[in-house]
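Asks: Given these sequences and hints, build the entire structure.
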Amino acid sequence: MQGTSSVARAWSATFDEIIGQHIEEFCKKYMTMDAPGVLAKYPDIFAVVIIIILTGLLIFGVKESALVNKVFTCINILVLGFVVVSGFVKGSVKNWQLTEQDIYNTSHSIYGANQTQEEKLYGAGGFMPYGWKGVLSGAATCFYAFVGFDCIATTGEEVKNPQKAIPIGIVASLLICFVAYFGVSAALTLMMPYYQLDTNSPLPNAFKYVGWDGANYAVAVGSLCALSTSLLGSMFPMPRIIYAMAEDGLLFKFLAKVNEKRKTPIIATVTSGAIAAVMAFLFDLKDLVDLMSIGTLLAYSLVAACVLVLRYQPEQPNLAYQMARTTEETDNNESVSTSESQAGFLPEEEEKCSLKAILCPPNSDPSKFSGSVVNVSTFIIGFLIVGSCILTALEPSILIKAVWIIAAILVLLVSFIIWKQPESKTKLSFKVPLLPLLPVVSIFVNVYLMMQLDVGTWIRFAVWMVIGFIIYFTYGIWHSVEATYAASADAERNTDAGSDSCK
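In terms of our numbering, the numbers along the sequence shown are unbroken and rise by one, the last being 1814.
It is worth saying that the hints were derived from the structure and are not from the lab.
Backbone N, C-alpha and C fix where the C-beta goes; we use that ideal spot for every residue, glycine too.
Wrong hints could be hidden among the right ones.
Restraint-style ranges between C-beta atoms, simulated for each label pair [as the list claims (entries may be wrong)]:
hint : residue 1 : residue 2 : range
1    : R1573     : D1676     : 48 to 54 Å
2    : F1399     : F1690     : 45 to 51 Å
3    : W1789     : V1482     : 37 to 43 Å
4    : M1439     : R1573     : 50 to 56 Å
5    : W1443     : P1478     : 28 to 34 Å
6    : H1333     : G1367     : 23 to 29 Å
7    : A1483     : M1439     : 26 to 32 Å
8    : D1509     : A1773     : 27 to 33 Å
27 Å max Cα-Cα, derived DSSO-like pairs, lysine-lysine [as the list claims (entries may be wrong)]:
hint : residue 1 : residue 2
9    : K1475     : K1736
10   : K1663     : K1736
11   : K1401     : K1519
12   : K1471     : K1742
Replies: Rendered as structure tokens:
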């Protein structure tokens, strides 16, 4: 939803730039919202209109045309190439070598006495005007650029050789995204000073700055095509995701109702469109992008933690996990897997907690004890990483460096304990390599980037999470199909155990 809202807001800003910013001027004049740091400077009505139109199309069952999507994608690639080439042709390296005095003189002429030598709104100049802290903060904000590549990992059962194809696909998509964003960012900052870029519509503004007014409109139209593709891609899955969650019981059941005539989940479509429209109406583009980035970073951190935990757990009677097995393995070893799954239900011999049992597990297969060790170790690693990142964000001092060293040593020791535990031998279509190192590094990078985002983003994220927790703990956890399946499995095992004891 945040993705839909942010793209709709960017679409509106780009269109407004083409027509001379009349929408922005009208809204600022008659509909100003005086809540700096909380809400946008003005409500974006045009973004709301865009979302309402697309929501209406979804209700009537209009499907995304593959041909239109391909055309928009080709235009997007052409525009990106044109921007990069133009940036290196019309740009100047001097814009990467600005001094503090250059920035001060320009900003002082604009802002007057509000810009002082002590309070520099635009950094210290040079190639990295805000230093490494600014680089990391920008990386956290722009992390949304890599949203979507994870869909490659969900195609494991549809690929002939997932162990080879999935890593290549993920790395290739990440490299393409990196080259595209790096090229456009470099071109923009070469064409004009970074502190004069229009944050809402930078591409048309940059070409207007270098005197290419004709290219300004061509690039703006290309940007609209690119944003339209992104908007379609973010709008169409939303009702389906809500429908799937409601069908599972995590959300209210009425959201899973499908219209008999249109064959679409109308209630889910209207609900998702309404929430996205409200967010686009109230919040600024940067706030929406930051909210999407922090949510994505948290999701990837949780995925890394889940990978770390599940790899070392004993086989569980979980339907979803059983379905993750490869079809070939299930077909060829049906009797073996059945006996293994039945063995997983049998009571295990209790292992005593000792240093030897932790560092040198007696079994080659995961047990409940080794799984518990990994669970506790993962929690400790998460606590150390989150605590260290919070302290660094609040008070970056020499003392914090000492804390970092201690935390790093403890994380390595706990990771060593996890590494000593036996891994699950369940055959899956694709497994993450280099455990436990890779998930731990992933958690650290994601959490550190999250801490670079501002306080306002954290407040909005906290409100969003509270709403989600309320829905989950008051409704979802009690009506989930997965929970019902687990409860019925437990009841069946208890019944079997009772009948066996009677015999």
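Asks: Next, verify each hint and record whether it holds.
Replies: Comparing the hints with the structure gives:
| no. | hint | in the structure |
| --- | --- | --- |
| 1 | R1573 x D1676: 48 to 54 Å | holds, 51 Å |
| 2 | F1399 x F1690: 45 to 51 Å | holds, 49 Å |
| 3 | W1789 x V1482: 37 to 43 Å | holds, 41 Å |
| 4 | M1439 x R1573: 50 to 56 Å | holds, 53 Å |
| 5 | W1443 x P1478: 28 to 34 Å | holds, 29 Å |
| 6 | H1333 x G1367: 23 to 29 Å | holds, 25 Å |
| 7 | A1483 x M1439: 26 to 32 Å | holds, 28 Å |
| 8 | D1509 x A1773: 27 to 33 Å | holds, 30 Å |
| 9 | K1475 x K1736 | holds, 19 Å |
| 10 | K1663 x K1736 | holds, 23 Å |
| 11 | K1401 x K1519 | holds, 12 Å |
| 12 | K1471 x K1742 | holds, 15 Å |
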